[in-house]
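Peer 1: Chain by chain, the residues run as shown.
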Amino acid sequence: MHLEEFSEGNSFLHRADPRVKILIFAIFSVLCAVASGIKTPTLFLLYSFILLLIARLKIKSLIARLLIANFFIAFIWFFIPLTYPGNSYVTLGSMKISHEGLRYALSITIKCNAIIIATITLLSTSSIFSIAHAMLHLRVPKKLVTIFFLFYRYITVIHEEYLKIKKAIALRGFVPKTNLNTYKTYAYIVGGMLIKSYERAEEIYKAMLCRGFKGYFPLFEHFYIRKSDIIFGVISISIFILIGVKS
Amino acid sequence: MKKPIIKLKNISFSYEKRRILNSLNLEIYEGDKIGLIGSNGSGKTTLLHIIMGLLKPQEGTVEIFGKVRTKERDFIEVRQKIGFLFQDSDNQLFCPTVKEDIAFGPLNLGKTKEEAMQIVKETCKILGLEGFEDRVTYKLSGGEKRLVALATVIAMKPLCFLLDEPSAGLDENTNDRILSYLKSNTKTFIVVSHDKDFLTKAADKIFLLKDGQIRY
Ligand SMILES: Nc1ncnc2c1ncn2[C@@H]1O[C@H](COP(=O)(O)OP(=O)(O)O)[C@@H](O)[C@H]1O
Ligand SMILES: [Mg+2]
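Chains Y and D supply the protein sequences, listed in that same order.
Counting from 1, one number per residue, gives the positions in the first sequence under the working numbering.
Counting from 1001, one number per residue, gives the positions in the second sequence under the working numbering.
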């Protein structure tokens, strides 16, 4: 799994100071999450689209990510309109669908997509190392940053192990069916994955100790805030204020 | 009389109930170039991990640079001065880019960014890895990973190297690069290998690990 596929690039957002990006992202996601109705979230989504234009990411991978996220959001459309307490109903057979519920589901969908796109364009355009460093600069506790980094590293390791085991099983002619043997094999996959990735993580930790790891990551790339970063920050925040005032 | 830099006395180590090392003794002096052989599962990796303090023996003493090392804290100095190349390079490389991985050790040793960058450049040059600085570590081939892993060890400028099967599964060219580095740039090392040819070229003495002990 290449979690950092979006971090390779050379757009303005790739080169921007990660500290500025984290701050903008934090403000953006809070404001967007608390916004209500349709109009305000749509304006935030527009802002996200502008970021997308600036970041110039690989369209294919981007759409893949958005599809996965929206798959989960789709469930909202099943449940909320059917259960939302509202007055105006459209009746479909025995089901009553609330207009308010539909509006609410749409609002959530827009907000989620706006935040996901902002995550991809603002955070994923930096390497995980830079993000961890930026968090240190922003006075996030060292331990928290290290846990964050190791957690990230751990996910990648688990996924690598999964791919290896999957290949090993396919090579020996395994075809999933609905029988006991298949379930047993799946149980072995999960068990094997957990044990192997635990051991790998332990080895990696040993390797870090051998290279003088003292519990936190040394800063390698020091960040230099540039004029363009400040301008980007100021413009973004002005946009947020405008969105807040207008609606 | 010179003092040994690594001295293991009556080391015994077991995983659960299986005894791997049995009252093992070993002395390494400055300038020793030692090849270590032994069948699969004989405990070579275990032995190297004990020297680095990554595993603690149930019996015996580990004495390194003239001091007995028991606690985790005692091994901090050991790890700074003895460079350990892991058997599996995938476990050794954990930073996204090659240059960050190589710089990780020097930065931990308190070098500035400029000094670390200089070390990255030098080590890449020594191993013929010029132009690899910005490559993504987990997209390298097996042989390239091994060379980068070696570079991360070299970057710490250790006094002594422990290399766990550096030549396994590598092509001749990569092998030759590792060999020529060992011959011309290092003074003291223990190298584990199954490759007789590699060992006779690299090492002065060959030790055999068998039944939990070192045979000379
Ligand atoms: N974490 C562990 N738990 C239990 N047994 C282990 C563990 N690691 C290694 N062993 C066993 O210890 C023995 C020595 O392993 P190792 O030192 O890796 O051998 P070598 O490197 O010489 O091939 C092997 O039989 C191996 O199965
Ligand atoms: Mg081994």
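Hints are computed from structural coordinates only; laboratory data are not their basis.
Fair warning: there could be bad hints in the mix.
Some chain D residues near chain Y, calculated using beta-carbon distances under 8 Å [what the hints assert, rightly or not]:
| hint | residue |
| --- | --- |
| 1 | S1012 |
| 2 | C1095 |
| 3 | P1096 |
| 4 | T1112 |
| 5 | K1157 |
| 6 | F1207 |
| 7 | L1208 |
Using N, Cα and C, we set each Cβ at its ideal position, and we do this for glycine too.
Peer 1: With reference to the structure, classify each hint as holding or not holding.
Peer 2: How the hints compare with the structure:
1. About 21 Å separates the beta-carbon of D:S1012 from the nearest beta-carbon of chain Y, more than 8 Å, and the hint is not met.
2. Here the hint on D:C1095 is kept, as its CB sits about 7 Å from the closest CB of chain Y, short of 8 Å.
3. Given hint, D:P1096 at the interface with chain Y, holds; its Cβ is 5 Å from that chain's nearest Cβ, closer than 8 Å.
4. Of the supplied interface hints, the one on D:T1112 is violated, with its beta-carbon coming no nearer than about 10 Å to a beta-carbon of chain Y, more than 8 Å.
5. Among the interface hints, the one on D:K1157 is violated; its C-beta lies about 12 Å from the nearest C-beta in chain Y, farther than the 8 Å criterion.
6. Because the closest C-beta pair between D:F1207 and chain Y is about 22 Å apart, greater than 8 Å, the hint is violated.
7. Given hint, D:L1208 at the interface with chain Y, is violated; its Cβ is 26 Å from that chain's nearest Cβ, farther than 8 Å.
In summary, the structure is inconsistent with hints 1, 4, 5, 6 and 7 from the numbered list given earlier, while agreeing with the others.
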